Amino acid sequence: GDSVTQMEGPVTLSEEAFLTINCTYTATGYPSLFWYVQYPGEGLQLLLKATKADDKGSNKGFEATYRKETTSFHLEKGSVQVSDSAVYFCALNSEGGSEKLVFGKGTKLTVNP
Amino acid sequence: DTEVTQTPKHLVMGMTNKKSLKCEQHMGHRAMYWYKQKAKKPPELMFVYSYEKLSINESVPSRFSPECPNSSLLNLHLHALQPEDSALYLCASSPPLRDSAFFGPGTRLTVL
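Quick mapping for you: the protein sequence lines, in order, are chains A and B.
When the letters of the first sequence are read in order and numbered with this note's numbering, they come out as residues 482 to 594.
When the letters of the second sequence are read in order and numbered with this note's numbering, they come out as residues 97 to 208.
What the hints contain is simulated information worked out from the structure, not anything from laboratory work.
No experiment lies behind these values; they were computed from the predicted model shown.
Treat the hints with care, as some may be off.
Stated by the list, open to error - Among the chain A residues that face chain B by a calculated CB cut under 10 Å, a handful are:
| id | residue |
| --- | --- |
| 1 | Val485 |
| 2 | Tyr517 |
| 3 | Gln526 |
| 4 | Leu527 |
| 5 | Thr532 |
| 6 | Val568 |
| 7 | Lys581 |
| 8 | Leu582 |
| 9 | Val583 |
| 10 | Gly587 |
From the three backbone atoms N, C-alpha and C, an ideal C-beta is built for every residue, glycine too.
Isolated chain A (complex conformation) (with noise of 0.2 Å):
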């Protein structure tokens, strides 16, 4: 089946270090590619998406490419500040047709200043 494997962490960075968290995934075809973010006590949030070979997704900094080949979406982020502290899931959705959307593990995040 569908799965998604992303670095567990934890991670710890100083304020304005370069961020990378790498995801990997397995689906047939071509699956469409999220990162989602949560912030303590909250839910889920969309932080930026691709649904097809060599999109970039953008947002609030944060960059993933949709790699086809290597089967990656590897978030990056060139200089990290103390609010982006939160748990980052990388996620997909299959081509298949089916609603479902497999996480991976998540990534906790911690910013120092």
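Following the hints, put chain B in place on chain A, whose structure we already have.
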């Protein structure tokens, strides 16, 4: 209106109680979901409604009973829950065909 709302925000119930969680969206989305999230875990899908019909039930125990009264509302009826059912219950909605899901803030449920 681009949000999913959930009530109540917090709920404490005993194992013999009956309660309901409510979810509402006015984005015209035709798919609505219930997820359960335990601490430090990803959300786990429970139910999917598509065009107001139950399309996916992930083998959820019958003490959880979903209901979709109309295209904007989704309820989760709770009865005879166990302490291990304590979790954050998230509602979500999405347009059709694999587009992104929008999540509500969740209901934090504690079963005593």
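Hints the structure fails to honour: Nothing - there is no hint that the structure violates, so all of them hold.
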